[in-house]
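As they're listed, the protein sequences go chains U and E. Letter 279 of the first sequence, counting from 1, is numbered 279 in UniProt numbering, and no numbers are missing. Letter 104 of the second sequence, counting from 1, is numbered 104 in UniProt numbering, and no numbers are missing.
Any given hint could turn out to be false.
In silico lysine-lysine, BS3-like type, Cα no more than 30 Å apart, as pairs [stated by the list, open to error]: (1) E/Lys185 - E/Lys212; (2) E/Lys61 - U/Lys396; (3) U/Lys321 - U/Lys104; (4) U/Lys240 - U/Lys97; (5) E/Lys185 - U/Lys235; (6) E/Lys22 - U/Lys160; (7) U/Lys219 - U/Lys206; (8) U/Lys129 - U/Lys96; (9) U/Lys127 - U/Lys94; (10) E/Lys76 - U/Lys321; (11) U/Lys127 - E/Lys137; (12) E/Lys76 - E/Lys137; (13) U/Lys80 - U/Lys96; (14) U/Lys389 - U/Lys18; (15) E/Lys76 - U/Lys396; (16) U/Lys97 - U/Lys191; (17) U/Lys104 - U/Lys179; (18) U/Lys191 - U/Lys206; (19) E/Lys22 - U/Lys18; (20) E/Lys61 - U/Lys389; (21) U/Lys384 - E/Lys212; (22) E/Lys185 - U/Lys321; (23) U/Lys389 - E/Lys185; (24) U/Lys80 - U/Lys101; (25) U/Lys219 - U/Lys97; (26) U/Lys384 - E/Lys76; (27) U/Lys321 - U/Lys396; (28) U/Lys384 - U/Lys396; (29) U/Lys101 - U/Lys127; (30) E/Lys76 - U/Lys129; (31) U/Lys97 - U/Lys129.
Derived CB-CB ranges, DEER-like [claimed, not checked]: (32) U/Ile7 - E/His199: 41 to 47 Å; (33) U/Ile286 - E/Lys22: 50 to 56 Å; (34) U/Arg20 - E/Gly133: 29 to 35 Å; (35) U/Leu381 - E/Arg83: 30 to 36 Å; (36) U/Ser385 - E/Ser220: 48 to 54 Å.
These aren't lab readings, by the way, just hints derived from the structure by calculation. Please read these numbers as outputs of a predicted model, since none were measured by experiment. Heads up, the beta-carbon is just placed ideally off N, CA and C, and yes, glycines get one too.
What follows is the residue order along each chain.
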Amino acid sequence: MRLSELIRISFRALAANKRRSFLTMIGIVIGIASVVTILSLGNGIKAATVKNLQADTQGQQTAEITFNPTSSSETDAGFKESDIALAKQTAPDKIKKVVIKHDKERLQVNGQLANADTMMSVTLVNKAKPNIQLNAGHGFSQDSLQADGEDAIISKKLAKKVFHGNAAALNSSLELGTKNYNIVGIFSPPKTPYSALDVDVLVPEKAYRAGQLSQEGRKLAITYTPGSDVSKLTKDVVEKLKKSGSERRSGEYSYFDYGELLKGIGNVISALTLFVSAIAGISLLIAGVGVMNMMYISASERSQEIGIRMAVGATPAEIMKQFLLESVMLTLTGGVVGLIVGALTAWVIAMFLPFKPVVTLGSVIGTFAISSIVGILFGLLPAKSAANKNLIDILKS
Amino acid sequence: MIDLQHVNKSYGQGATAFHVLKDINLHIDEGEFVAIMGPSGSGKSTLINIIGFLDTAFEGKYFFQDENVADFNATKASRMRNRHVGFVFQNFSLIHNLNIFENVLIPLSYGGHRRSEVRDRIAELLESVGLAGMENKLPRNLSGGQQQRVAIARALANSPQFLIADEPTGALDSHTSADIMQLFKELHRKGGTIIMVTHDEHVAEQSDRIIKILDGQIISDTEVAHATK
Numbered sequence: 001m002r003l004s005e006l007i008r009i010s011f012r013a014l015a016a017n018k019r020r021s022f023l024t025m026i027g028i029v030i031g032i033a034s035v036v037t038i039l040s041l042g043n044g045i046k047a048a049t050v051k052n053l054q055a056d057t058q059g060q061q062t063a064e065i066t067f068n069p070t071s072s073s074e075t076d077a078g079f080k081e082s083d084i085a086l087a088k089q090t091a092p093d094k095i096k097k098v099v100i101k102h103d104k105e106r107l108q109v110n111g112q113l114a115n116a117d118t119m120m121s122v123t124l125v126n127k128a129k130p131n132i133q134l135n136a137g138h139g140f141s142q143d144s145l146q147a148d149g150e151d152a153i154i155s156k157k158l159a160k161k162v163f164h165g166n167a168a169a170l171n172s173s174l175e176l177g178t179k180n181y182n183i184v185g186i187f188s189p190p191k192t193p194y195s196a197l198d199v200d201v202l203v204p205e206k207a208y209r210a211g212q213l214s215q216e217g218r219k220l221a222i223t224y225t226p227g228s229d230v231s232k233l234t235k236d237v238v239e240k241l242k243k244s245g246s247e248r249r250s251g252e253y254s255y256f257d258y259g260e261l262l263k264g265i266g267n268v269i270s271a272l273t274l275f276v277s278a279i280a281g282i283s284l285l286i287a288g289v290g291v292m293n294m295m296y297i298s299a300s301e302r303s304q305e306i307g308i309r310m311a312v313g314a315t316p317a318e319i320m321k322q323f324l325l326e327s328v329m330l331t332l333t334g335g336v337v338g339l340i341v342g343a344l345t346a347w348v349i350a351m352f353l354p355f356k357p358v359v360t361l362g363s364v365i366g367t368f369a370i371s372s373i374v375g376i377l378f379g380l381l382p383a384k385s386a387a388n389k390n391l392i393d394i395l396k397s
Numbered sequence: 001m002i003d004l005q006h007v008n009k010s011y012g013q014g015a016t017a018f019h020v021l022k023d024i025n026l027h028i029d030e031g032e033f034v035a036i037m038g039p040s041g042s043g044k045s046t047l048i049n050i051i052g053f054l055d056t057a058f059e060g061k062y063f064f065q066d067e068n069v070a071d072f073n074a075t076k077a078s079r080m081r082n083r084h085v086g087f088v089f090q091n092f093s094l095i096h097n098l099n100i101f102e103n104v105l106i107p108l109s110y111g112g113h114r115r116s117e118v119r120d121r122i123a124e125l126l127e128s129v130g131l132a133g134m135e136n137k138l139p140r141n142l143s144g145g146q147q148q149r150v151a152i153a154r155a156l157a158n159s160p161q162f163l164i165a166d167e168p169t170g171a172l173d174s175h176t177s178a179d180i181m182q183l184f185k186e187l188h189r190k191g192g193t194i195i196m197v198t199h200d201e202h203v204a205e206q207s208d209r210i211i212k213i214l215d216g217q218i219i220s221d222t223e224v225a226h227a228t229k
């Protein structure tokens, strides 16, 4: 029998029992819809997360190498121009740009306070009023933000430790590098953990840079040509720096592998999405059992039809195909409807969430595949039982 | 054409086995109109199931055009039925959710034909059984006699070598049953081979040859008087 004819009679048989076919299909629709909803939301979360974590919005691939001095006397040490050339040498055709970045946050600086050497954590600011709570004194004046500015603000904790009080600390002198500052204010660090402002001293950036002996920075930012293996290339650069970098004797070079991190985070989200989808997929199994049940009932109700078809020339394989096609048509239609329902549901849910759902080609193909597989898997036994019916017994009854 | 040699058939096994057919030897030539008679349980239905390739699990030999039917598997038997046998059953045996056209189409579609190729053929078949233009009706809208005509049209669809009719008039009133018999006789006149089971003497009289079966054995095989003329 031709496939077109087979499809036609299968459709006819399903349509002959509309309510039963419809109810069985609802199970499949719910199963597929819940899987599709979760998958598209999960893909949306993954896309949004990876995008947010990539610092560079142009999709550039970048990496940063950090220099950490080993002794406190070398706090000024960092990357020099020679290191830029060295880094570029590693892979001249793959490295687009190398820039020395100056650390601005939580610098460990050795300075003089009340005529005593003190290690202080320093953050450089560019605003007259950083987001802090002042306990005494005032913030930076506009003038002090320039290179010749001399204002500094210290934390309440440091004031208490060194000067035993806010009043004594105000207007005292603070020496960082070659520069003298005047303490104009006392602040309480914000409560937020790991805040850049949770430090001992705040000074304007330009004033601080002017007071530094060398223009060495602690960070080396490398931009690669698109498609490069960032992790490997960065590792090569670090190896090179360790061997012949300008400050290799006074500190250590290290880098943080963002590519690996992003990959890892993406993998974790994908795995979570799949896991939750699999749980939703259990409803598909239940729906599949519904399909099986319906097909068994159908096969036993239609044994007369099976008998007639076999008597006039249907082979057992053709009977089996017909029943299998019926269950596949049922689940496939349910799958398509479920896909649409699931995508719409995800879209509606995402209106209340900060990201867009993503329906991938993979989930569309997957839907078709899974609904067909459910149809075949749960239709196989009923179809077999229909095909193996004893012709003589049917004709006798 | 049909040649049964020492055919035996039993249901069940061992001590409880029931011997339905006992050493049947039967030969039917092309163009014969045979009526098989016998009381219920005599084995006549079993016999025509074997003749019509519905049942291939028997002992002995059955040659159909020099092929041994006992060697057929289920698929081969289906193909042979499709090509060479037409069945007309007592209870009309139409599929209720298909219209008349599609019911007649069934054997043709299992023979590999497309709908579009056989429209004319089906119209012709329906006309020959007196149901011209009824293609789009559903079986439930037809009378019993009309349904049996559809079944005959379906049986003839693939131009089979022989027709098997199992109590074709059993569920019909005498007037309709006379109409159906008229149709069979016409088919026979055109050269068709018909093997018919009945327990109605009056119906059997209209065939050319009457085979009587009792307890699984052929007890008589006689030509009907009018056939000799």
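Hints, one by one, checked against the model:
For the suggested pair E/Lys185 and E/Lys212, the alpha carbons sit about 20 Å apart, so the restraint of at most 30 Å is met. Only pairs whose Cα atoms come within 30 Å are accepted, and E/Lys61 paired with U/Lys396 is accepted, the gap being roughly 24 Å. At roughly 72 Å between alpha-carbon atoms, U/Lys321 and U/Lys104 are farther apart than 30 Å, so this suggested pair is violated. Straight-line distance between C-alpha atoms of U/Lys240 and U/Lys97 comes to about 17 Å, which keeps the hinted pair within the 30 Å bound.
Pair hint E/Lys185 plus U/Lys235 does not hold up; C-alpha atoms about 97 Å apart against a cutoff of 30 Å. Taking the CA atoms of E/Lys22 and U/Lys160, the gap is about 120 Å. The hint is violated against a cut of 30 Å. Between the alpha carbons of U/Lys219 and U/Lys206 the distance comes to roughly 18 Å, so the proposed pair stays at or under 30 Å and holds. Proposed proximity of U/Lys129 and U/Lys96 is contradicted: the alpha carbons are some 37 Å apart, above 30 Å.
Between U/Lys127 and U/Lys94, the direct Cα distance comes to roughly 37 Å. Violation of the 30 Å bound is thereby established for this hinted pair. A threshold of 30 Å between alpha carbons decides the hint, and for E/Lys76 with U/Lys321 the separation of about 17 Å falls inside it, so the pair holds. This hinted pair does not check out: U/Lys127 and E/Lys137 have alpha carbons roughly 89 Å apart, beyond 30 Å. Annotation: proposed proximity of E/Lys76 to E/Lys137 is violated, straight-line Cα distance about 33 Å (limit 30 Å).
In summary, the hint linking U/Lys80 to U/Lys96 is supported, as the alpha carbons are separated by about 18 Å, within the 30 Å threshold. Taking the CA atoms of U/Lys389 and U/Lys18, the gap is about 25 Å. The hint holds against a cut of 30 Å. For the given pair, E/Lys76 sits about 22 Å from U/Lys396 by alpha-carbon distance, which is consistent with the 30 Å threshold. Of the pairs offered as hints, the one joining U/Lys97 and U/Lys191 is violated, with about 38 Å between alpha carbons and a cut-off of 30 Å exceeded.
A distance of roughly 17 Å separates the Cα atoms of U/Lys104 and U/Lys179; the hinted pair therefore holds under the 30 Å criterion. Using a Cα cut-off of 30 Å, the hinted pair U/Lys191 and U/Lys206 holds, with the two alpha carbons roughly 27 Å apart. Restraint check: the Cα-Cα separation between E/Lys22 and U/Lys18 comes to about 49 Å, which exceeds 30 Å; the hinted pair is violated. Distance restraint check for E/Lys61 and U/Lys389: the Cα-Cα separation of roughly 25 Å lies within the 30 Å cut-off, and the hinted pair is therefore satisfied.
Of the supplied pair hints, the one linking U/Lys384 and E/Lys212 is violated, its CA atoms being roughly 39 Å apart against a limit of 30 Å. Straight-line distance between C-alpha atoms of E/Lys185 and U/Lys321 comes to about 39 Å, which puts the hinted pair past the 30 Å bound. Of the supplied pair hints, the one linking U/Lys389 and E/Lys185 is violated, its CA atoms being roughly 35 Å apart against a limit of 30 Å. With a C-alpha separation of about 11 Å, the suggested pairing of U/Lys80 with U/Lys101 holds against the 30 Å cut-off.
The straight-line distance between the Cα atoms of U/Lys219 and U/Lys97 is roughly 14 Å, inside the 30 Å bound, and the hint therefore holds. Of the supplied pair hints, the one linking U/Lys384 and E/Lys76 holds, its CA atoms being roughly 18 Å apart against a limit of 30 Å. With a C-alpha separation of about 25 Å, the suggested pairing of U/Lys321 with U/Lys396 holds against the 30 Å cut-off. Between U/Lys384 and U/Lys396 the alpha-carbon distance is near 21 Å, which keeps this suggested pair within the 30 Å criterion.
Simply put, U/Lys101 and U/Lys127 have alpha-carbon atoms about 19 Å apart, close enough for the 30 Å limit, and the pair holds. Under the criterion of a C-alpha separation no larger than 30 Å, the hint pairing E/Lys76 with U/Lys129 is inconsistent with the structure, at around 94 Å. A threshold of 30 Å between alpha carbons decides the hint, and for U/Lys97 with U/Lys129 the separation of about 34 Å lies outside it, so the pair is violated. Taken as a hint, the range 41 to 47 Å holds for the pair U/Ile7 and E/His199, whose Cβ atoms sit roughly 43 Å apart.
Roughly 54 Å separates the CB atoms of U/Ile286 and E/Lys22, a value that falls within the hinted 50 to 56 Å. The hinted range of 29 to 35 Å is satisfied by U/Arg20 and E/Gly133, whose Cβ atoms lie roughly 34 Å apart. Look at U/Leu381 against E/Arg83: about 31 Å separates their beta carbons, and that is inside 30 to 36 Å. Between U/Ser385 and E/Ser220 the Cβ separation comes to about 43 Å, which falls outside the hinted range of 48 to 54 Å.
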